[in-house]
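Novice: Residue numbers (the numbering used here), protein chains in the order written: chain A, 1 to 334; chain B, 335 to 668.
Read the hints as simulated data drawn from the structure, not as lab findings.
Be careful, since some hints might not be right.
What the hints assert, rightly or not - Pairs of lysine to any residue residues, derived as SDA-like cross-links and limited to a Cα-Cα distance of at most 25 Å, are as follows:
(1) A:Lys243 x B:Val509
(2) A:Lys243 x A:Gly134
(3) A:Lys137 x A:Asp310
(4) A:Lys266 x B:Thr572
(5) A:Lys266 x B:Asn508
(6) B:Lys577 x A:Gly134
Number of protein chains: 2
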Amino acid sequence: MKCKVCRQHAVVDIRRHNAAFCQEHFISHMHNQVARTIKEFKMFDADDRLLIAVSGGKDSLALWDVLLELDYDVVGFYLDLGIGSYSGRSKEAAISFAETRNAKLIVRSLAEEHGYTVPELAKLTGRVPCSGCGLNKRYEFNRAALEEGFDILVTGHNLDDEVATLFGNVLHWNVDMLGRQAPVLEERILGEGTDARVALVRKVKPLVRVAERETAAYALLRGIDYIVEECPMVEGNTQHRYKEAITLLEEASPGTKQQMYFGFLKRAAPRFIAESGEGRLVTCKRCSAPTVAWDGNDSEVLCTFCRTKDHALRRRTDRASIPSPRREGDVDTA
Amino acid sequence: MKCKVCRQHAVVDIRRHNAAFCQEHFISHMHNQVARTIKEFKMFDADDRLLIAVSGGKDSLALWDVLLELDYDVVGFYLDLGIGSYSGRSKEAAISFAETRNAKLIVRSLAEEHGYTVPELAKLTGRVPCSGCGLNKRYEFNRAALEEGFDILVTGHNLDDEVATLFGNVLHWNVDMLGRQAPVLEERILGEGTDARVALVRKVKPLVRVAERETAAYALLRGIDYIVEECPMVEGNTQHRYKEAITLLEEASPGTKQQMYFGFLKRAAPRFIAESGEGRLVTCKRCSAPTVAWDGNDSEVLCTFCRTKDHALRRRTDRASIPSPRREGDVDTA
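Produce the entire structure from the sequences given, and follow the hints as far as they go.
Specialist: Here is the structure:
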């Protein structure tokens with residue numbers, strides 16, 4: 001196996017491109033793929049201020065590295081989800097990367113900001129952890145970007161992530177989600193005239209041309225010390241099953257994932273762009289985040305985040321005020 | 335495991351319906367599922383003349399049996415594809431079923447009608463066998479239905495078949511195919527006024543609510559002697575891989591296939607209904623079948639079937655007229 005560029009010994013092969021690369025040319029291939037994606041989807045310019053959400057995993061750290069190498073003005077944002085020692089180790093990976101690269105990292109924690117961790121939220125709401133986690137990340141990423149004055153929020157979603165999401169949306173024909181699945185989600189403005197303000201910052205995914213396996217190889221070759229273990233709460237996650245099913249097909253026919261995702265963007269996505277439904281974008285009465293109002297009473301609307309938080313905190317108060325029945329031998333672990 | 339209806343010992347369970355049935359009630363469940371589908375999609379009435387395409391396999395024979403039990407006026411059509419002894423055994427299964435049920439079966443053969451078998455066609459055109467096979471079956475089923483005066487062409491496509499096709503169409507975002515994937519394809523009329531004639535007979539798939547495993551169980555319980563082996567040409571067929579991938583998901587979450595298919599019909603299919611493109615339906619100058627013309631010269635158009643046949647027969651003539659270079663020891667097998 002020889003490098004496509006220099007014919008030296010290759011260290012990474014990419015079957016769907018029918019190509020292999022040596023270390024040096026694989027790294028420049030990755031830079032090119034990301035640069036091409038940024039240009040193709042007009043994601044941002046050299047003078048935009050970028051905030052990248054980093055988890056400490058391979059994708060977000062690899063992307064942060066690529067963007068730094070491409071000389072973008074990019075700051076990291078780490079949100080501590082409070083998932084036991086896993087969060088501790090992933091935070092260390094993010095901090096250590098930032099120090100090595102002399103890059104700025106903003107760190108916030110769900111527990112400090114809102115008084116709960118992801119596992120606690122899951123218990124209080126009785127929902128799967130991934131649901132509350134996703135909601136809180138989307139909310140906090142956007143809030144941090146707005147509060148800290150960034151133009152663009154960057155995430156490390158790779159081709160495999162996007163295909164798994166697409167596959168799930170197609171299995172259930174979630175037509176609203178299909179209408180919103182894109183490498184760029186435009187910013188949303190609330191209010192008019194002098195009241196107008198950015199309510200949702202522009203979101204972009206520069207890794208959509210890059211497979212999971214390639215970000216792992218990039219991180220390895222660049223000496224990025226990322227957290228290898230998967231989130232311990234993710235077990236049985238349907239997204240994982242979708243990845244497995246599609247990987248079966250990718251192995252038999254390299255390029256299947258890329259074809260599915262980019263074919264969707266080109267030929268199908270426009271058919272799902274949300275029709276102007278009955279819901280209008282209004283301001284949450286508590287936190288001012290944008291949310292959808294379905295009836296006339298705009299000033300009374302709470303966003304999903306605030307509703308979920310209220311629900312969780314109410315449940316906690318209820319539990320605290322009702323002494324739980326004790327059996328002999330029980331040990332207090334609270 | 336007890337029968338949902340009579341609480342006796344069940345012989346078949348259907349996880350996606352969270353139900354199990356004894357022999358008697360499974361058979362009536364199948365009749366109900368087919369009757370419900372015929373009604374739901376307004377497939378046909380009691381006085382329509384139905385032609386069912388039978389392959390000798392479980393699906394088409396099971397469906398023929400159900401339609402006879404439901405007292406429909408239904409005749410079988412078997413097309414001999416000339417796939418060695420496999421075709422011989424599948425024809426026997428079809429003939430034997432018809433005799434046992436005292437039902438009428440029309441038998442035709444590709445070799446007699448057009449001078450080639452499916453394996454020969456594949457060799458002559460250099461295409462995978464499934465491609466020529468599908469084209470010839472669609473063409474011959476429609477021709478037989480029209481020539482023999484039937485109103486409706488019935489096929490035994492089950493839920494697994496439809497989901498695998500849908501999955502393939504979604505992987506490649508074949509938007510034209512997505513626009514035509516439905517349990518009913520309406521008849522197409524060519525010509526106007528007194529020249530008007532049915533060119534494509536109405537096609538229906540009454541098994542779309544029934545999984546492969548259920549038609550197999552039905553055939554077994556009804557003592558239908560079907561051909562169990564798969565077509566020997568189908569190996570490596572992508573449709574099979576799609577079935578495997580989705581079966582992974584169905585096992586983890588029963589109902590996935592049904593949800594994907596019926597969700598598509600309800601929420602997505604209307605978005606793919608073919609826009610009136612540049613192509614118009616015209617008559618093939620050779621065989622009068624309907625075909626699409628892309629330029630102005632309507633009277634010169636050949637349909638895909640006639641073009642493929644021409645191509646194959648021309649290749650055969652070329653081969654016969656050019657003596658192939660012989661090496662010593664070669665044996666004449668032509």
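Novice: Is Lys243 of chain A close enough to Val509 of chain B, meaning Cα to Cα at most 25 Å?
Specialist: Since the Cα atoms of Lys243 of chain A and Val509 of chain B sit roughly 24 Å apart, the hinted pair holds (cutoff 25 Å).
Novice: Would you check the hint for Lys266 of chain A and Thr572 of chain B, treating anything up to 25 Å between C-alpha atoms as holding?
Specialist: holds (23 Å)
Novice: What's the verdict on Lys577 of chain B and Gly134 of chain A, does the C-alpha distance respect the 25 Å limit or exceed it?
Specialist: With Cα atoms ~31 Å apart, Lys577 of chain B and Gly134 of chain A exceed 25 Å; violated.
Novice: Would the pair Lys243 of chain A and Gly134 of chain A pass a check requiring their Cα atoms to be no farther apart than 25 Å?
Specialist: holds (18 Å)
Novice: Please work out if Lys137 of chain A and Asp310 of chain A have their alpha carbons no farther apart than 25 Å.
Specialist: OK: Lys137 of chain A and Asp310 of chain A at ~17 Å, within 25 Å.
Novice: Tell me if the straight-line CA distance from Lys266 of chain A to Asn508 of chain B falls inside 25 Å.
Specialist: holds (11 Å)
The structure is inconsistent with hint 6 alone, although it conforms to all the rest.
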